[in-house]
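Chain residues, written in single-letter form:
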Amino acid sequence: MELKTHFLYPSTLFFSREPFIVNTILGSCVSLCLYDPINRTGGINHYMLPFWNGEGLASPKYGNIAIEKLLEKMLQTGSKKNNLIAKVFGGAEVIDTKISQFHIGERNIEIAQRVLKDLNIQISGQSLGGKNGRKIQFNTETGAVLQKMIARQGLEPKK
Amino acid sequence: MVTDDQLLQELEKRFRENKESLLQLQKMTSELKEVNKKLEESEALKTHFISNITNEIINPFAAILGLSRNILDVKKENWEKVISMVHLIHSEAFNLDFQLKNVFAAAKLEAGEWIPDIMNVNVNQLISSTLDSFKYEAAKRRIELYYDFDVSPGIEKSFYFLTDPEKLKIIISNLLSNAIKYSNSESEVKVKARLEVENLYVSVIDKGIGVSEKNKKIIFDRFKRVDNGINSLNRGHGLGLSVNKAILDLLGGEIEMQSVANEETVFTICIPPGERSVNYDGMASDGNEFLFDNDGDELF
Chain U
186 MELKTHFLYP STLFFSREPF IVNTILGSCV SLCLYDPINR TGGINHYMLP FWNGEGLASP
246 KYGNIAIEKL LEKMLQTGSK KNNLIAKVFG GAEVIDTKIS QFHIGERNIE IAQRVLKDLN
306 IQISGQSLGG KNGRKIQFNT ETGAVLQKMI ARQGLEPKK
Chain Z
50 MVTDDQLLQE LEKRFRENKE SLLQLQKMTS ELKEVNKKLE ESEALKTHFI SNITNEIINP
110 FAAILGLSRN ILDVKKENWE KVISMVHLIH SEAFNLDFQL KNVFAAAKLE AGEWIPDIMN
170 VNVNQLISST LDSFKYEAAK RRIELYYDFD VSPGIEKSFY FLTDPEKLKI IISNLLSNAI
230 KYSNSESEVK VKARLEVENL YVSVIDKGIG VSEKNKKIIF DRFKRVDNGI NSLNRGHGLG
290 LSVNKAILDL LGGEIEMQSV ANEETVFTIC IPPGERSVNY DGMASDGNEF LFDNDGDELF
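Chains as they are written, first to last, in the working numbering: chain U, 186 to 344; chain Z, 50 to 349.
Honestly, I wouldn't trust all of these hints.
Derived Cβ-Cβ restraints for the label pairs, each shown as a range [stated by the list, open to error]:
#1 Z:R243 with U:E257: 16 to 24 Å
#2 Z:N144 with U:T262: 55 to 63 Å
#3 Z:L72 with U:E187: 41 to 49 Å
To be clear about the criterion: a stretch of chain Z counts as covered by chain U if any three or more of its residues have a C-beta under 8 Å from a C-beta of chain U, and this derived list gives those stretches [as the list claims (entries may be wrong)]:
#4 87-101
#5 159-168
#6 293-305
No lab work stands behind these hints: they were computed from the structure. Where a beta carbon is used, it is the ideal one built from N, C-alpha and C, also for glycine.
Only chain U is shown next, with the shape it has when bound in the complex (with noise of 0.2 Å):
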């Protein structure tokens, strides 16, 4: 049968009991799949910065929150913190630039991997940093993910 799928946003996140394949395009954002491979259940989000600064709204636009909402959501539907698996992936360099700050690709990274150590949740897979934007299409069924690399040229990567 075919799975539902589901177009996840930049600043949203994505949890379904039921099997869905979500898709997202990936520049310096960054998403991170959490995958239960006990009870079959995946959840995944999209986000655009590292850290809240306590300016506008808390959402999983950031990092910290977008992380913590996911996992939230996952132990709320039964999930347990040691099953966890997670897969990590983006954090491009799409624009270049010297300034550390506006690194932002590489913060982005950073934080998700810092985030995952503290909560002992291992890495299963990833792809990160590079120049180049990505496809990915996440499974919530099986946790597999298929990534495509989108050439520099051509289709302006989303952030």
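Place chain Z on chain U using the hints.
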């Protein structure tokens, strides 16, 4: 061999570098302090919000209940009394509905579960009906509402734009509500819409008190209200503009403000056309298909 001069130069260089990194560290620390302060403030405002919301919901409901009871008791020959009471009921209910919509919008945005639902929207109709819903609020303070649509050649009088109508309506309602709130009575609020290089621009213009330089930085923060003193005439939770900002992020849009105190304040939003929502068959309609052939795909 290293000469004394070279040694001195090297030393000086290292001192300079040290000093620079110290400066950078100090800068970072002060930035961190700033952020920390903001987070603390935000938390305090949130607590304040929760304690206030009971009043903000219960009071209008009490007013609505009381007034409708009064109407039920009115004798037939005094029916004219009813009109003013109905006006009050409408006003209370309208405000309550508006506030609650913002609270729910903020909750959904913070949960990250509100996604754009893009369709072909008749923008003129949407703006006109939004303006219409505010007409009694405006009339209370004798404020005239105008709607101006820039008709450029080639664009029909009623034009369609690919966007999320529910979210666009919330954005415009928030701008209108603020414009009316901060206007002087007996003035006017204007809404202008135009299409420019595919993007939709909507401006809301009022001739009210304006936004000071100091406040320009904080108006998009949640729960912040420029006049949050006890004697403030204006109700509301200070969620409107932060909701607007987050919705615009979702739609890929921008918001800008220009304000001259006591003369004119203009909020302008710019939204690019959205892509139609992805259908459940896995295809996006606008060249956004995910073609995963096995060529060059990596599996994780």
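Hints numbered earlier in the text: which of these fail when held up against the supplied structure? Checked against the structure, the hints that fail are numbers 1, 2, 3, while the rest are satisfied.
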